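Chemist: Residues per chain are reported as follows:
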Amino acid sequence: MNLERIMQVDRRIIYLFVAAGTILPIIFVIGLPVSITPPVQMAFDRIENQLKEGDVVLVSFDYGPSSAPENAPMADAFLRHCFSKHIKVVVIALYPLGGLSEAVSELNKVVAEFPDLEYGVDYVNLGYKDGAQAAMRKMNENIHEVFPTDVRGTPLSQIPMMKDVRNYADIKLCITLATGIIGEWWANLVNAQFGLPVIVGPTAVSAPKYYAYLEAKQMVGLLGGLKGASEYERLVVNKYPHLAEVYATPGMYTATKGMDVQSIVHLIMIAFIVLGNVVYFTGKRKPRKAA
Amino acid sequence: MPVSSRNRVFCLSLAAVLLAVIPLLVFSARVDGQPPPEQTGAAGAAEAAPVAESAAVQPPVVEGLTAADTPGDEGGSMTVKWTEPSDAAQLGLKYKVMRADSPDGQYAEVCELAAGESKYMDAGLTDGKQYCYKVLSVVGPSVAESTPTLPAFPRGNWFRMFRLNALVLLIVFSGSVLFYIARARGGKPMYIRKIAGLNAVDEAVGRATEMGKKILYIPGIMSIDEIQTIASLAILGHVAKLSAQYNADLEVPNKDPLTFASAQETVKEAYLEAGRPDLYREEMVNYVTYDQFAYTASVTGKMVREKPAANFLIGSFYAESLLLAETGQSVGAIQISGTAEVAQLPFFVVACDYTLIGEELYAASAYLSREPVLMGSIKGQDLTKLLLMLALGLGVILESFGLTYVKDAFRMQ
Amino acid sequence: MRKQVPLLLTFFAGMIPIIALFVPERHVSTVSTTLDSWLIIVAGFALLLGVVNVIQMNTNKIKRKSSGWPYAIVLLAGLAVMGFFGFAGAFGGFGGIATRPDGSSTPFDWMYQHAFLPLQGTMFALLAFFMASASYRAFRARNVEATILLVAALIVMFGRIPFGEMVTKWFPLTTEWIMARPNMAAQRGIMIGAGLGAASMALRVIVGIERSYLGLGKGE
Amino acid sequence: MPGLGTWLAAFFTLCMLSFLYKDNPFFRIAESFFAGLSLGYYIGIVANQTIKPNLVLPLMNEFSTNWHLLFAGGLGVMLYFRYIKRVAWVSRWALAVYVGYYVGVNMMQKLHGEVLPQVGDTMLSLSWHGIGTLWNLVMVVGVLSVLIYFYFSAEHKGAVGGISRVGIWFLMISFGAAFGYTVMGRISLLIGRMVFLVNEWARPLIGLIT
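Residue numbers (this note's numbering), protein chains in the order written: chain A, 1 to 291; chain B, 1 to 413; chain C, 1 to 220; chain D, 1 to 210.
Same shape as in the complex, but just chain A (with noise of 0.2 Å):
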């Protein structure tokens, strides 16, 4: 009787149980343990160990809304890493559905947590160009011709650190967050025509072809989905106490909590099924039992 009762568990039991498993550890932060993968520990250590003060990255958005909950907390990891170094960046944006409002909202808000920062001296962004592989052969050189103002208007020549930035050979790193073909582009024409080095932050669907370009050695690192970026945000927390501050702020979505959520939500999953067939099998041996 009662088992019958579980087999027909009302369907808004498992909806209460996912809910409580996506709401809670957006709350509450817990911290399941992750393990660090090589790809992200190899695009942390190009940017701890082999940029120093000054140097500019270059951060493309190349993703939509849809994906925001994956890639922007790569986005925010990379750029709060590098201003943590004094690292310069500039940010463009070539995806045509959103990729601008997200470039606007992420640097904003990270921006805002590091109040010594200046516009134009530290960090730039140059807005959105259609045409996004067109834009990165041509970006190779003269990025000034590609984005002849910044997001403002202003004329990139009035900008005081693009001055020294003419094209791909003054920036020592482009970091990619893409949810389409973009991302490969940066890898299989930026890198392999132009040599300079990339580490793409893909969403978890598109990672396994990613695979095949760092094997060739046409990306210096790979943040895979959600589970990439808390791995990426594991590390600059353990490296930068201050950034453990911020990401501990109440309210902030991080990808840290993105993959509790996936953790949990998936074992609420997997115990449901378990759980259905335990029922069922134990059902099934009964009748048999009284026949």
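Source of the hints: derived by calculation from the structure; they are not laboratory data. Mixed in with the good hints, there may be bad ones.
[Stated by the list, open to error] Cut-off 25 Å, straight-line C-alpha distance, at most; resulting in silico cross-link-like pairs (DMTMM-like, lysine to aspartate or glutamate): (1) C:LYS63 x B:ASP278; (2) B:LYS307 x B:GLU283; (3) C:LYS63 x B:GLU251; (4) A:LYS209 x D:GLU155; (5) B:LYS194 x D:GLU155; (6) D:LYS85 x B:ASP278.
[As the list claims (entries may be wrong)] What follows is a set of in silico ranges between Cβ atoms, one per label pair, in the way DEER data are often shown: (7) C:ASN60 x B:GLY332: 24 to 32 Å; (8) A:LEU275 x C:MET57: 38 to 46 Å; (9) C:ASN60 x D:GLY161: 27 to 35 Å; (10) B:ASP202 x D:LEU137: 36 to 44 Å; (11) B:GLY332 x C:ARG64: 24 to 32 Å; (12) B:GLU306 x A:LYS217: 54 to 62 Å; (13) D:TRP128 x A:HIS242: 20 to 28 Å; (14) B:ASP278 x C:GLN4: 25 to 33 Å; (15) B:GLU210 x D:LEU70: 47 to 55 Å; (16) B:GLY332 x A:PRO241: 19 to 27 Å; (17) B:GLN90 x D:VAL160: 51 to 59 Å; (18) D:LEU57 x B:ALA196: 30 to 38 Å; (19) D:TRP7 x C:ASN60: 32 to 40 Å.
Every value quoted in this text rests on a predicted model; they were computed, and no experiment measured them. Glycine included, each C-beta is placed from N, C-alpha and C at the ideal position.
With the hints as your guide, set chains B, C and D onto chain A.
Modeler: Chains B, C and D only, in chain A's frame:
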């Protein structure tokens, strides 16, 4: 029904067109006779090597330079090819492709390429005009110049030789389908294996009639440019005919306006054919909205409110597949689904009573109608499938012995 | 005549892209691309068919006061507001349909951001819940096939989260293998079969055997 | 205090989520409004991105080279003949051209773009070179057995039945795995909505109260 002469004309004219094209192609292939240009891009290129420090390095002269009309294009372009020097990558070599009207004319730069490239397609030229090319190899300030190519001119072509395999497949496929259709017309009985989901169609419609509840038919969310939608409309024709015969309550909500227009015609005709045009109502086939999720919200809302006895989810579906199927399941409807969208099949299989998987969806209209002509076309497609399986087996065997003929034939491009 | 003309049109329209695939000659490709550009416009015109039907159905509902008629008013209000700003925006009113140059939202864009996107996003997000309930119900080891389905799903679900990796590194490795081998093989099989099925359907349409989509009755 | 836009978005988000409990007037309001709103949205999009740039502007700016677009408009108008009883049959012409053209496109896309490369890519070497060969065999057997499952001309009995059973197993592995693999992406979407509700709407609101 008697064999329509018009249809025979269609089949014959199709065959005639195909046959007439072949000699033309073979002829033009001889003239073109060159493999197609590959996409430029350095997907497989090695890691870019650092540019050589010393400027004193003398770049190697590019050899084996040829320029010819780009084969299989609509004209206006030339393809330049050369042999890449073995040390190109180490030297950080760059190529400058130069163009002139005559071998000793004024050469102008067309483009610059990095090491790893040995081919360039020069587009935007004038058909019938003569062009010559040179390639400069550059390392730092030093330049070496190749000998110029012989003059050649671009032109439009009549056949894409590199698609010969597709043409062969088209001919084999159309040939076998049309052959079996003709044979079916001749009265030869055809056998098709049982398809579980389709045997349940009658049962589902009958159940809805008994319960006095609605039948919901969802023809996917794509337009009629998608073949799955056309297959779905064919099945809809059958379901609508049954509904007319049983006087069941059918509703077809639509996301795409052209599919909506088509579905209206289909259902109206089915009621007419069943001899019950009086039962047909305009509201049976209705339009909801063009947004995938707004449509889903409306239809799932309808499901929980009206609790249909049978849901048909047949056609091209995307993320809404599970939203619809799971809601339908929760209201206890008997659910028959069918799609060829590989990514959505798992959700239908999990949440529906029967699922038409991929090819079964297309075979359904033949199976349901039992019309010899349609059954013949299934036979024809089975024959092609058998031939492809044999080719696959042969390809695997040859590949195992290191022979790649068959595999290459399957991807000429 | 009424039956033949549409079937002839289908036949000729269908042959054009097939020939254009093989024949690069400029005139052929021009015919094909021109027809393509026409049909995009036809599809655009078709939307109004839907709009007309929606307005008809819902005004009827309101007139007859059939059950749930107040919701028909809500629906028509949404349509009127968004349709008005959209159509007016297309021809220059209210600063267009995207954001204005100064970064402020046009009415169309504001509605899109604060009503359309949340509604759409939430409906899409309901899938997470539905996947949980569907998997609970369907993943039961009833027979061999269902057991295979269940085991494959469980392995992959463990393989995707850090927890699985901590239990054993075989979870992520097996997941990758399943996705790249048996999963790929099955998907290829489906694609080849469905490709042939679709082509056969297409051929039946082109030669005029399959015509229920035109409401011309089935076969011969 | 959250702004009007945030309130509206939060309201609609909650209305939609309430469907999980059961159908209710709030969901029904949101659902009806969404249906109308989205249709209105596509009126704007189609007018802006199809009719205006592809028909109106070319005809207005360069009529001499674009006059042929009048035919396109004509075909579009033909669709509406269905509302006039006497000439309703003409509306089929537009459908016929539309279906014919795309069916031709799709037919070749399936044969040339899917069948050929998929069969070609499955021609893997089975000469022994380590464990990879075994995996190649899995691939070849999988594709062949699934194709046998789809073979309609023979009953599923004997050898054909046995092989197609293997095909079904492959299908089941694929369906199970694909289901499990998709979970993560769907949860990400849910996270996106919940982060909005919790951080952008509820937190400022609670902050206001306490």
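Chemist: Determine for every hint whether it applies to the structure shown.
Modeler: Do the hints match the structure? See the list:
1. Distance check on the hinted pair: LYS63 (chain C) and ASP278 (chain B) sit about 24 Å apart at the alpha-carbon level, within 25 Å; holds.
2. Between LYS307 (chain B) and GLU283 (chain B) the CA atoms are separated by roughly 18 Å; this keeps the pair inside 25 Å, and the hint holds.
3. A C-alpha spacing of about 21 Å is found between LYS63 (chain C) and GLU251 (chain B), which places the hinted pair at or below 25 Å, so the restraint holds.
4. A distance of roughly 40 Å separates the Cα atoms of LYS209 (chain A) and GLU155 (chain D); the hinted pair therefore is violated under the 25 Å criterion.
5. As the CA atoms of LYS194 (chain B) and GLU155 (chain D) are separated by approximately 8 Å, the hinted pair is consistent with the 25 Å bound.
6. With a C-alpha separation of about 17 Å, the suggested pair LYS85 (chain D) and ASP278 (chain B) falls inside the 25 Å cut-off, and the hint holds.
7. Evaluation of the 24 to 32 Å hint for ASN60 (chain C) and GLY332 (chain B) yields a pass: the beta carbon distance comes to about 30 Å.
8. Against the hinted window of 38 to 46 Å, the Cβ-Cβ separation of LEU275 (chain A) and MET57 (chain C) comes to about 45 Å, which satisfies the hint.
9. At about 54 Å, the CB distance of ASN60 (chain C) to GLY161 (chain D) disagrees with the hint of 27 to 35 Å.
10. Between ASP202 (chain B) and LEU137 (chain D), the C-beta spacing of about 42 Å keeps the proposed range 36 to 44 Å intact.
11. Taking 24 to 32 Å as the suggested C-beta distance range, the pair GLY332 (chain B) and ARG64 (chain C) conforms, at roughly 29 Å.
12. Roughly 60 Å separates the CB atoms of GLU306 (chain B) and LYS217 (chain A), a value that falls within the hinted 54 to 62 Å.
13. Taking the beta carbon of each, TRP128 (chain D) and HIS242 (chain A) are about 57 Å apart, not inside 20 to 28 Å as hinted.
14. Between ASP278 (chain B) and GLN4 (chain C) the C-beta distance comes to about 29 Å, which sits within the given range of 25 to 33 Å.
15. Against the hinted window of 47 to 55 Å, the Cβ-Cβ separation of GLU210 (chain B) and LEU70 (chain D) comes to about 54 Å, which satisfies the hint.
16. Evaluation of the 19 to 27 Å hint for GLY332 (chain B) and PRO241 (chain A) yields a failure: the beta carbon distance comes to about 58 Å.
17. About 58 Å separates the C-beta atoms of GLN90 (chain B) and VAL160 (chain D), a value consistent with the hinted range of 51 to 59 Å.
18. With their beta carbons about 53 Å apart, LEU57 (chain D) and ALA196 (chain B) fall outside the hinted range of 30 to 38 Å.
19. Look at TRP7 (chain D) against ASN60 (chain C): about 34 Å separates their beta carbons, and that is inside 32 to 40 Å.
In this structure, the hints that do not hold are numbers 4, 9, 13, 16, 18, in rising order.
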